[in-house]
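> Next come the chains, spelled out residue by residue.
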Amino acid sequence: DTGVSQNPRHKITKRGQNVTFRCDPISEHNRLYWYRQTLGQGPEFLTYFQNEAQLEKSRLLSDRFSAERPKGSFSTLEIQRTEQGDSAMYLCASSVRGRQFFGPGTRLTVL
Amino acid sequence: EDQVTQSPEALRLQEGESSSLNCSYTVSGLRGLFWYRQDPGKGPEFLFTLYSAGEEKEKERLKATLTKKESFLHITAPKPEDSATYLCAVQAGDGNNRLAFGKGNQVVVIP
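Taken in order, these protein sequences are the chains called S and G. Heads up: the first sequence runs through residues 1 to 111, numbered per the numbering used here. Heads up: the second sequence runs through residues 112 to 222, numbered per the numbering used here.
For reference, chain G alone in the conformation it holds in the complex:
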């Protein structure tokens, strides 16, 4: 069974204090690893898809990287509007289309 573990569960950052979120995964042949942002009471918002080890994607203050066992989401010089829960999900390469999600990293950026 596909498993995704995210750490830390919660993180409080001062504005401008860069940090990284970790997503460790076990999957039978990775088709893709996805990062989403979720604000309270809303649906997840797509951020990135990574397909192979060594791949990196960037968007504004966010950068996602992928190895064979884990992914990192780096937040550079965060602002209060970056406060959200960041969800990691994997899609297996066994023909199934489902996403298996972790519990999320809850990030609070303090002004």
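Bound-form chain S, shown alone:
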């Protein structure tokens, strides 16, 4: 399977804990995106990388959120001091020639 992969698929944490998600894009896709989706809503853009450079960040991405893409390969999204409002599906996508292909997502539940 050469699609976008994300780990873990599900994460349950207590409020105040830190969590980290990983995304492995389709190989040779140099662009990588993070989105967040809550129930009944479409995905909302969080941030975008071209190779290892983080080129765009949404104002939704508070100081508690940080994303990295070392060496332009996989990416990680870390949320510090989680809050109940962070509960959502976190989606990663990679693209080439404008088409964004999404992974299966990581479902985060903050208790």
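Each hint should be verified, as a subset may be incorrect.
[Said to hold, decoys possible] Under the rule of at most 20 angstroms between Cα atoms (straight-line distance), these lysine to any residue pairs were calculated in the SDA-like manner:
1) Lys174(G) / His185(G)
2) Lys11(S) / Lys153(G)
3) Lys57(S) / Asn208(G)
4) Lys153(G) / Glu83(S)
5) Lys174(G) / Asp193(G)
6) Lys153(G) / Arg107(S)
7) Lys180(G) / Asp193(G)
8) Lys214(G) / Thr38(S)
9) Lys11(S) / Val96(S)
10) Lys153(G) / Lys57(S)
11) Lys57(S) / Gln114(G)
12) Lys174(G) / Asn208(G)
[Claimed, not checked] For each label pair, taking beta carbons as the anchor points, the in silico distance ranges come out as:
13) Ser130(G) / Gly3(S): 41 to 47 angstroms
14) Glu166(G) / Gly16(S): 48 to 54 angstroms
15) Pro222(G) / Ser58(S): 38 to 44 angstroms
16) Gly152(G) / Gln17(S): 29 to 35 angstroms
17) Gly16(S) / His185(G): 34 to 40 angstroms
18) Gln125(G) / Ala53(S): 46 to 52 angstroms
19) Thr20(S) / Pro222(G): 40 to 46 angstroms
20) Asp63(S) / Ala188(G): 47 to 53 angstroms
21) Gly16(S) / Phe183(G): 45 to 51 angstroms
22) Phe157(G) / His10(S): 20 to 26 angstroms
23) Thr109(S) / Ala188(G): 36 to 42 angstroms
24) Lys214(G) / Arg64(S): 24 to 30 angstroms
Hints were generated in silico from the structure; no laboratory data involved. Only a predicted model underlies this, so the values are computations on that prediction, with no experimental measurement involved. Ideal Cβ positions, reconstructed from N, Cα and C, are used throughout, including at glycine.
Model the placement of chain G on the given structure of chain S, informed by the hints.
Structure of chain G alone, referenced to chain S:
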């Protein structure tokens, strides 16, 4: 700010009953309009990209069309396996790469 409005929010169809989904958009110079299919608990699956008014794309029972203000996704003779949420997204031509999504059209096809 880019805006995407999808209607109807939910639609129940009898198997074989054709219908259309609407996506109205406001964007500063459209680079592309995208349709995705999303099944519960999964990431969005790419369907189509449309770039200019008058363009049409087809895939099996689905046909997407684009005007300067809206896009339609026509479902011809739907089957139960077409049940899903269909997401519309726009990408602006201002150099940003983010997709702005609507809330989706939830379609249920009854056998």
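> With reference to the structure, classify each hint as holding or not holding.
Outcome of the hint check:
no.	hint	result
1	Lys174(G) / His185(G)	5 angstroms, holds
2	Lys11(S) / Lys153(G)	15 angstroms, holds
3	Lys57(S) / Asn208(G)	11 angstroms, holds
4	Lys153(G) / Glu83(S)	23 angstroms, violated
5	Lys174(G) / Asp193(G)	13 angstroms, holds
6	Lys153(G) / Arg107(S)	10 angstroms, holds
7	Lys180(G) / Asp193(G)	26 angstroms, violated
8	Lys214(G) / Thr38(S)	10 angstroms, holds
9	Lys11(S) / Val96(S)	29 angstroms, violated
10	Lys153(G) / Lys57(S)	24 angstroms, violated
11	Lys57(S) / Gln114(G)	18 angstroms, holds
12	Lys174(G) / Asn208(G)	25 angstroms, violated
13	Ser130(G) / Gly3(S): 41 to 47 angstroms	30 angstroms, violated
14	Glu166(G) / Gly16(S): 48 to 54 angstroms	49 angstroms, holds
15	Pro222(G) / Ser58(S): 38 to 44 angstroms	41 angstroms, holds
16	Gly152(G) / Gln17(S): 29 to 35 angstroms	23 angstroms, violated
17	Gly16(S) / His185(G): 34 to 40 angstroms	49 angstroms, violated
18	Gln125(G) / Ala53(S): 46 to 52 angstroms	51 angstroms, holds
19	Thr20(S) / Pro222(G): 40 to 46 angstroms	43 angstroms, holds
20	Asp63(S) / Ala188(G): 47 to 53 angstroms	51 angstroms, holds
21	Gly16(S) / Phe183(G): 45 to 51 angstroms	46 angstroms, holds
22	Phe157(G) / His10(S): 20 to 26 angstroms	24 angstroms, holds
23	Thr109(S) / Ala188(G): 36 to 42 angstroms	39 angstroms, holds
24	Lys214(G) / Arg64(S): 24 to 30 angstroms	26 angstroms, holds
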